[in-house]
Amino acid sequence: GENVEQHPSTLSVQEGDSAVIKCTYSDSASNYFPWYKQELGKGPQLIIDIRSNVGEKKDQRIAVTLNKTAKHFSLHITETQPEDSAVYFCASRGNDYKLSFGAGTTVTVRA
Amino acid sequence: DSGVTQTPKHLITATGQRVTLRCSPRSGDLSVYWYQQSLDQGLQFLIQYYNGEERAKGNILERFSAQQFPDLHSELNLSSLELGDSALYFCASRQTGTPNSPLHFGNGTRLTVT
Numbered sequence: 001g002e003n004v005e006q007h008p009s010t011l012s013v014q015e016g017d018s019a020v021i022k023c024t025y026s027d028s029a030s031n032y033f034p035w036y037k038q039e040l041g042k043g044p045q046l047i048i049d050i051r052s053n054v055g056e057k058k059d060q061r062i063a064v065t066l067n068k069t070a071k072h073f074s075l076h077i078t079e080t081q082p083e084d085s086a087v088y089f090c091a092s093r094g095n096d097y098k099l100s101f102g103a104g105t106t107v108t109v110r111a
Numbered sequence: 001d002s003g004v005t006q007t008p009k010h011l012i013t014a015t016g017q018r019v020t021l022r023c024s025p026r027s028g029d030l031s032v033y034w035y036q037q038s039l040d041q042g043l044q045f046l047i048q049y050y051n052g053e054e055r056a057k058g059n060i061l062e063r064f065s066a067q068q069f070p071d072l073h074s075e076l077n078l079s080s081l082e083l084g085d086s087a088l089y090f091c092a093s094r095q096t097g098t099p100n101s102p103l104h105f106g107n108g109t110r111l112t113v114t
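Note that the protein sequences, when read in sequence, are chains A and B.
With the working numbering as the guide, the letters of the first sequence map in order to residues 1 to 111.
With the working numbering as the guide, the letters of the second sequence map in order to residues 1 to 114.
Rather than coming from a laboratory, the hints here were simulated on the basis of the structure.
The beta-carbon is built from N, C-alpha and C at its ideal position, and this holds for glycine as well.
Some hints could be false.
Negatives, chain B to chain A, calculated, CB over 12 Å [said to hold, decoys possible]: (1) Val-4; (2) Lys-9; (3) Gly-52; (4) Gln-67.
Looking from chain A toward chain B, a few residues come up when the C-beta cut is under 8 Å (computed) [unchecked claim]: (5) Lys-42; (6) Arg-51; (7) Gly-104.
Pairs of lysine-lysine, DSBU-like flavour, derived with a Cα cap of 35 Å [said to hold, decoys possible]: (8) A:Lys-37 / B:Lys-57; (9) A:Lys-98 / A:Lys-58; (10) A:Lys-68 / B:Lys-57; (11) A:Lys-98 / B:Lys-9; (12) B:Lys-57 / A:Lys-42; (13) A:Lys-37 / B:Lys-9; (14) B:Lys-57 / A:Lys-71; (15) B:Lys-57 / A:Lys-58; (16) A:Lys-22 / B:Lys-57.
Whenever a hint applies, use it, and build me the whole structure from the sequences.
Set out below in structure tokens:
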């Protein structure tokens with residue numbers, strides 16, 4: 001089955017700086033890559049996703065890049081704010097439509 | 001609010017007991033997924049149902065079972081509970097008919113086995 005690796009496991013950034021989280025996947029047939037944000041006491045919430053026919057997607061301060069050849073994708077958060085502090089999960093979906101998640105990155109934005 | 005409702009929010013029970021977790025998917029979503037999130041771990045896929053039928057199985061223990069009812073709500077049954085079953089259990093639903101429609105998660109049920 002699909003194996004998704006996510007790095008780093010924890011990330012501390014100064015408010016206003018950028019945060020980058022990287023993921024790799026194993027199944028070359030994977031074609032959909034969402035990112036989820038999980039705040040304390042809540043379920044994961046989709047923040048951005050990218051499909052395999054696109055190399056980059058941006059939504060305000062959040063961007064995701066995909067390199068299908070290298071089988072890796074990244075989440076970029078610019079101008080970080082305290083409310084960006086949360087656990088972020090990457091995921092990939094193959095042809096079986098099952099989402100496989102990375103282990104998560106705990107992001108802390110220091111004021 | 002994702003539109004996915006899970007009950008109860010918290011559950012405390014003893015080893016050897018059986019519990020039932022309930023999930024109501026978003027209106028119109030036919031697919032329901034169950035995930036387990038243990039402390040400091042990611043989301044582990046357990047099982048998926050589509051319109052009442054089991055569609056895919058992940059790392060679900062034999063002591064666990066699930067079903068989806070005609071009104072599309074789903075229940076996850078956990079039996080002969082062990083301390084290691086303590087975790088957050090999430091339900092998610094997805095709009096079908098669109099190949100890469102996103103999963104929408106509920107806020108989970110926190111199970112504590114003592």
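Each hint tested on the structure:
| no. | hint | verdict |
| --- | --- | --- |
| 1 | Val-4 | violated (7 Å) |
| 2 | Lys-9 | violated (9 Å) |
| 3 | Gly-52 | holds (17 Å) |
| 4 | Gln-67 | holds (19 Å) |
| 5 | Lys-42 | holds (5 Å) |
| 6 | Arg-51 | holds (6 Å) |
| 7 | Gly-104 | holds (5 Å) |
| 8 | A:Lys-37 / B:Lys-57 | holds (25 Å) |
| 9 | A:Lys-98 / A:Lys-58 | holds (25 Å) |
| 10 | A:Lys-68 / B:Lys-57 | holds (27 Å) |
| 11 | A:Lys-98 / B:Lys-9 | holds (25 Å) |
| 12 | B:Lys-57 / A:Lys-42 | holds (24 Å) |
| 13 | A:Lys-37 / B:Lys-9 | holds (19 Å) |
| 14 | B:Lys-57 / A:Lys-71 | holds (25 Å) |
| 15 | B:Lys-57 / A:Lys-58 | holds (34 Å) |
| 16 | A:Lys-22 / B:Lys-57 | holds (28 Å) |
The earlier numbered hints that this structure contradicts are 1, 2.
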